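Engineer: Start from the sequences, fold in the hints, and give me the full structure.
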Amino acid sequence: MTDPQIALMMLGLFIIFVFLGFPIAFTLMAMGIGFGYYAYFDANRMWRAFDRLDETAGQWDQWSTWFEGFYNNRIFDLFVNQTFTVMSNEVLTAVPLFLFMGYIVERSNIVDRLFTTLNVASKNVPGSMGVAALITCALFATATGIVGAVVTLMGLLALPAMLKARYDPSFAAGIICAGGTLGILIPPSIMLIVYAAATNVSIVRLYAAALLPGLTLVGLYLVYIIGRSILQPSSAPRPTAEEVPDMPMGKLLWMIITSFVPLAFLIFAVLGSILFGLATPTEAASIGALGGIFLAFIYRAMTWQRMRESVYLTLRTTAMVCWLFVGSYTFSAVFSYLGGEQVISEFVQSMNLTPIQFLIMAQIIIFLLGWPLEWSEIIIIFVPIFLPLLAVFDIDPLFFGILVALNLQTSFLTPPMAMSAYYLKGIAPPELQLTQIFKGVMPFLFCVILSMVLMYVFPSIVFYLPDLFYGR
Amino acid sequence: MVSFIRFADNLSAWFGKSFAWLILLMSIGTGYEVFVRYVMNNPTAWALDVSFIMYGTLFMMGGAYTLSRGGHVRGDFIYRLLQPKTQGKIDIVLYLVFFFPGVTALIVSGWKYAVRSWQYGEVSVNSPAGVPIYQFKAVIVAAGILLFIQGIAQVCRCIIAIKHNYWIEADEDVFETEDLLMQEANKAEKDHIT
Amino acid sequence: QAPLVIKMQTSWNDANIWQDFARDYATRVEEMSGGRVKVDVLPAGAVVAAFQVLDAVNDGLIDAAHSVPVYWYGKNKAASLFGTGPVFGGSATTMLSWFYQGGGQALYNELTQDIMGLDVVGYMGFPMFAQPFGWFKQEVNTVADLQGFKYRTVGLAADLMAKLGMSVAQLPGGEIVPAMERGVIDAFEFNNPSSDKDFGAQDVAKNYYLSSYHQASESFEFLFSKAFLEDLDPDIQAILKYGVEAASTANTAKAMDRYSADLQFLQNDAGVTVRRTSKEILDAQLKAWDELIPELEADPFMKKCLDSQRDWVSRVSYYELMNAPDYGLAYEHYFPGKIKL
Ligand code: NA
Ligand code: NA
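Keeping their order, the protein sequence lines are chains A, B and C.
The numbering of the first sequence is the working numbering, which starts it at 65 and goes up by one.
The numbering of the second sequence is the working numbering, which starts it at 17 and goes up by one.
The numbering of the third sequence is the working numbering, which starts it at 937 and goes up by one.
For the record, the hints were derived by calculation from the structure and aren't laboratory data.
Just so you know, these numbers come straight off a predicted model, no measurement behind them.
Every clue listed holds true.
Label-pair restraints from in silico Cβ distances: (1) C:T1209 - A:I428: 47 to 53 Å; (2) A:L451 - C:A1234: 43 to 49 Å; (3) A:F411 - C:A951: 18 to 24 Å; (4) C:A951 - A:V517: 27 to 33 Å; (5) A:L514 - B:T102: 38 to 44 Å; (6) C:A1234 - A:M73: 53 to 59 Å.
No residue lacks a Cβ here, since even glycine has one placed at the ideal position from N, Cα and C.
Structural biologist: Put into structure tokens, the structure is as follows:
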């Protein structure tokens, strides 16, 4: 077997081993070290001391010198070196800060206030509760970079309200799952930071580029919600005055000021300072975290317990993401040392694809990977394999990144690993079936695919803001 | 065996939680940099170095704590359908074959790497401030030792799972908001039924 | 028989013109060895990160590296004297000659092998053209114009520019252009017209100042694992060693061609105003070096290096400068009015 063939075997075995369910960070680490042991195997160098041992050397000396030789493979140095490279990655420094901000904000009772306010404000729109739920999700997505909390918070808040108003249960569930997943697409998205770290695309440009596509997707969701409510009023009946009480204009205004304005200010401070050139993402994230703490204090939601939870959860999620990087950096260093990248690139080029064919193929692969896997694994492990091919097909990695980010919205919604649906199922009334949730999610999946087609046909949706802010 | 598991869990949690507070320092430190740069027009030379040192230390020292609480992501859509007994059998093999070689390298090769840096008194090349990074490289060894101890505890967990067909969970102290809400919902439901 | 494959990783990405320069070395070695040796040139990050190549060569993770010493000056500040140190009046060619003929190589080996205990052998090649003072949004003629600027550079140059009254920002390469656009920094230097252009510098600043003393005598560093090199047949060792000298000339020719053409592009097509840095600023740079040198010389090894460099330059550049005809005069004679020195 040639080295490149062994590299392909390494990739194949990894995909099989993932399904054994062992923590993926350590599976990657093991594959990198195992195949690296072969790549760097050099009996001469490793057992030099053992070979020079005197005839008279004792049993223990022989054994320990042999063992030292066994551990004297350079792959272990490579592993340590790559670990340090992850530890000193400047882009990833924003990850814990944005996570911290998200954990603080989701504990500050802001979602309740927002939804209540929007529910009253959107009262006269068809499908008003669905619209209010989706907009709440979208706004909240600009303050947090992860998924999970939003789906459950909204599931507890908006789902019972919609069911009580006799909404079609699967329609209501679909709105919450799809809306709650927006957090990883709309900046400050952790997923985009991770993409930037994995591909060396500027995180600032990625954030600017993701803004309009994120809004486009929200727009498509809204069109679907309102459209369906008009065409099929029974699935989204108008709430009665009892369900959503009338409110004097003054009181409504006050609710908007106390719920929407502080959050908008925080969002503007974070995203604005990145986009308008006041701070790097890491700096903006620290402002966001401090601002979140301040906001939580104002809402009297900041307790010692909540602070501790936010701090510890930040550590655990950061460790989860960054240890994946430790594993994958080692894996991919060995993969390219063995010439794996080269052979994949040659293979794809030999298929004589046009750029659009390649793009579709890549997105289908990522879509399919999104069924069993989660976004972190896909971006950290598989996207770097596509990366060298982008230059061959003259595809901008920034554009590719946005398509991937849109695409991975589906990874939360497609079984068997549909995390959004599971979160919702976890808190929903038992009569709401998983199949009903999946059925409700379907139309939103189509919206995602439609949004990707839109990006392809009108790439300026992606490029307009980064070009405007940063030239070229 | 159970007492060793508890010991390792507590040790990992103690280190993880202590270093977790770096996030607060990091927010304040980076916030300070923004303030002095834009308000005082006098940026620090050390902020970038200090922020990546805190970030790297934080996630490295949190690896074992995250492992003890099952926080490392798994491709588990088949795995979670299995009996704890079977899960334990798979895990114990993979801990020995996949986990320990790498973690040992963090200690052994990491030691070599850190000692070399310590001898140079290595500083960061990112800024003229000369922020030391040799102590930062030593974090690799510390994280390796914590993971090694926690790994032994995980092997003990597997043995118990194989014998008794249940997992010894770590004392859970904090939950993701979604988990917390799900627990509350389930509890409320039970209360409702009874 | 299968050729011996040498894994050489650079500190540059695939798009950088310097990756081509590294490939120039590879083709020369391959041809001279009659195909017995193949040099596999890998970009930064392929095996290890750009700044990790010294550790990687020492540990044998890669057989060789193509980099610059300033990337590891965090391990020992003396590294910066091999290319980015004080300028006493010698060019990069003068200092490359110091390395091979004036005792530089022995000092370099003392630093890497004896003081730092590394298992590496290093050769220097391609005397780089002096690095421009850099890119500014507005005209800068005096030291006063520079006060309070946030400026991006690396290495000892950071200390130097700080002494000129600028606050030095340290940004990763990919963030420079967005940071300029957003006002996080006001000015920056990178390396040469080709790399700067590929980087997009002309999109964020229109004033390009050439000539500067901050990095005026740098060369590439070709690092080899000592254990690896010494295991090779003597003729292969010789090819690898003298291949550096061959690549040096090839790189110089290519740099002259590409750098000058890209400078024309910047001036004629990208709307960039190209000027020479004012005498006042250059004087201030020399004064700043004057302040830095005693700080560096507190270290006995650095003192020894700087003494050796001063000795060399004082003799060699005397000859160079005394002997050189005024090329500017001849240029002006044949291309009147084209250049303003
Ligand atoms: Na977000
Ligand atoms: Na999925």
